[in-house]
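This is what each chain is made of:
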Amino acid sequence: MSALATLILLSLKLNFRNRMAILYGYLFPLIFLVAFWALYRNDPVPLALHLGQLVTITVLGGACFGLPTTIVSERERGVWRRYALAPAPRWLFVASILIARYVLLLTAALLQIALALAFGMPLPAHPLVFFIAFTVTAIAFMAIGLVIAMLVDNVPAVQALGQCIFLPMLIIGGVAVRLESLPTWAQTASAFFPGRYAVAALQSAATGSGRAPFELLALLLIALAAGIAAAGLFRWDRQFTPNRAWVAVALGMWVAIGVWNQARPVAVAQPVKDTKEAGTPQTYAAPAVARTWRDVTDADIARIAFDRLPPDEGIVSPVARPDEEPDPVLAPQLERIQAALPGWAPGNVADPVQRARNLLLLAAVPDLMQMEQVERFVPRLVFARLQTVIPPRDLPKILCWIAMHPDDGGDAAIHTLQAFGLPDPTGPATPFHGREMLYAFKLLGRLTGNIKAPR
Amino acid sequence: MVLRVAGLAKRFGAVTAVDAVSFQVGAGEVLGLLGANGAGKTTTVDCILGLLTPDAGSVTIDGLAPRDARAKFGAVLQATGLPAKITPREALNAFSHLSFPRKRESNFLLERFGLTEKADAPYDTLSGGQQQRLALALAFIGDPQLLVLDEPTAGLDIQARRSLHDDIRVARAEGRAVLLTTHDMAEAQALCDRIAVIAKGRIVAIGTPDALAAGGALEDSIADLMR
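First to last, the protein sequences are chains A and B. Numbering (this note's numbering) for the first sequence: 17 to 471. Numbering (this note's numbering) for the second sequence: 81 to 307.
These aren't lab readings, by the way, just hints derived from the structure by calculation. Predicted, not measured: the structure shown is a model, and the values here were computed from it. All residues carry an ideal CB built from backbone N, CA and C; glycine is no exception. Honestly, I wouldn't trust all of these hints.
With beta-carbon atoms standing in for the labels, derived distance ranges [what the hints assert, rightly or not]: (1) B:S179 to A:V171: 23 to 33 Å; (2) B:G118 to A:N259: 18 to 28 Å; (3) A:Q179 to B:A303: 47 to 57 Å; (4) A:V171 to B:R91: 26 to 36 Å; (5) B:F92 to A:L183: 30 to 40 Å; (6) B:R91 to A:A173: 41 to 51 Å.
Using the sequences provided together with the hints, build the complete structure.
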């Protein structure tokens with residue numbers, strides 16, 4: 017067996033003898049998976065829309081904590097000082113540790129995917145691309161882990177510096193919290209963290225088109241810069257002080273990629289000014305004077321401030337753009353909803369106002385229950401259905417009426433949504449009225465030309 | 081000569097740790113580098129092994145620069161360890177796969193250094209003496225011409241020290257050059273063919289133990305030199 021293979025095998029053996037390494041390397045990713053599964057239990061397809069996030073978290077933890085912890089603890093024990101005396105090139109030892117770590121990350125990700133499959137997630141749409149994206153992500157984060165290992169003197173310092181990178185990436189870097197759910201400033205900041213590109217590349221391979229050339233290139237450049245920095249900082253022994261200026265090479269690439277991403281001619285982030293509160297009708301319009309929906313006039317509609325409505329790309333009352341295609345993984349769910357709509361009794365009741373309320377409820381439930389992505393496409397189906405089942409001259413008046421009187425009408429339809437494969441909500445129906453109001457305003461704005469789609 | 085050190089100097093900022101240090105060690109000879117803590121012994125050793133780059137002077141091992149001569153020397157250094165869960169057998173196997181032109185079998189080394197019974201025990205369960213014997217076994221993997229031992233008996237009990245002393249004598253008998261740093265005068269007197277006394281980074285005397293003692297007690301003579 018070659019020296020490299022011997023050292024890789026030894027690194028793997030030693031890792032599996034370390035309980036803490038197994039806990040952090042294998043158990044934590046599975047805990048994250050179960051947490052995501054519980055958190056997004058209303059997703060139409062379990063975990064598929066979060067696979068990019070989950071695998072990125074696994075790689076991030078293993079590369080930015082596991083790898084430097086191993087290297088630094090060995091260096092503290094003088095193991096690397098012993099390596100330095102051996103008649104072998106230093107790359108041999110570094111390569112053996114990196115390859116062993118890659119194997120650990122790969123097995124952890126495979127274990128995570130296996131459990132996700134058991135929960136009902138389908139296989140990634142582009143398995144080979146997913147493997148490539150995983151490998152590029154692992155290389156980028158391991159290079160960052162090497163920089164951390166060379167910078168710090170002891171294991172507690174690895175934890176401190178690792179957290180400084182891990183937590184921001186998790187929270188505002190588009191890793192644990194999806195970009196769409198972040199405020200504008202955080203979306204901008206996320207472009208300067210590698211995690212965002214890893215999630216995008218992996219998710220594209222899992223449920224999207226499988227094409228993420230910019231993200232893969234960004235990760236490779238980040239890996240290259242971090243690799244150069246780590247080589248410049250390299251030290252066998254903690255007694256040698258590294259030239260910390262090399263860190264600028266690694267961080268400089270983060271900044272360059274962020275700037276490049278901001279300059280790209282594609283809208284990857286939209287302003288989000290949402291709050292969870294939908295507001296009241298008076299938030300968006302002057303009090304109505306009409307006594308029934310038939311009395312609504314153009315003047316009533318003209319008093320509505322459509323520009324105050326939450327943006328379509330936000331987390332409150334989102335609406336997909338007309339030219340936007342859903343992830344293929346969502347197609348069966350959306351097809352099921354579309355097929356069930358004509359036969360859904362609440363959507364065909366005699367009273368046109370209640371009929372419209374019931375249909376708007378169908379858009380409100382996925383939104384409030386945070387059924388990611390589904391919530392953005394169902395309103396399109398609902399809008400189309402409303403324009404089919406309500407006469408065109410009445411629809412603006414009815415929408416305005418519902419928007420101004422969201423708490424009127426019955427809520428019985430809320431418990432009939434299983435026909436669409438949607439969950440049966442528990443608790444009061446009042447929160448759903450707010451979302452019905454917003455969707456009524458949004459369709460009204462489209463019908464009257466006050467909202468230009470896409471916004 | 082196996083090891084030649086000529087005019088070696090190393091500074092750390094304004095502090096001169098080693099200055100104009102010169103000595104040689106031949107095959108089958110044990111040279112003791114004797115000095116108080118902080119005298120410059122470890123810095124000298126690190127320069128000899130290529131772990132530090134000297135500011136002046138030269139080091140050759142069998143005619144080669146230290147970084148080109150790694151297959152020719154074995155070393156037991158302070159603050160040098162192994163992963164906690166590695167076993168002696170695994171450590172010897174792993175290091176024997178590195179580029180040594182001449183290799184000793186792991187089983188032979190385990191037996192020679194009395195580690196057969198502990199061959200499959202994790203490193204962190206070995207006693208200090210056993211860990212030091214494993215370090216010595218690792219130093220012997222490449223069948224080295226030069227052994228560099230930096231305070232190898234520090235922290236060991238009497239039995240372990242005696243055992244290690246025997247190993248050093250065997251190495252000398254096998255024709256290896258041995259550089260031994262110590263601050264223990266009795267150890268130096270018992271093991272070394274010659275002693276170089278280092279104080280404040282300079283070699284202040286070099287010679288056989290008898291010559292250094294100059295008819296009196298070696299300990300008193302060296303203590304005078306080290307002041």
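Practice item. Enumerate the violated hints, using their earlier numbering and listing them in ascending order. Key: Going through the list in order, the structure violates hint 6 alone and respects the others.
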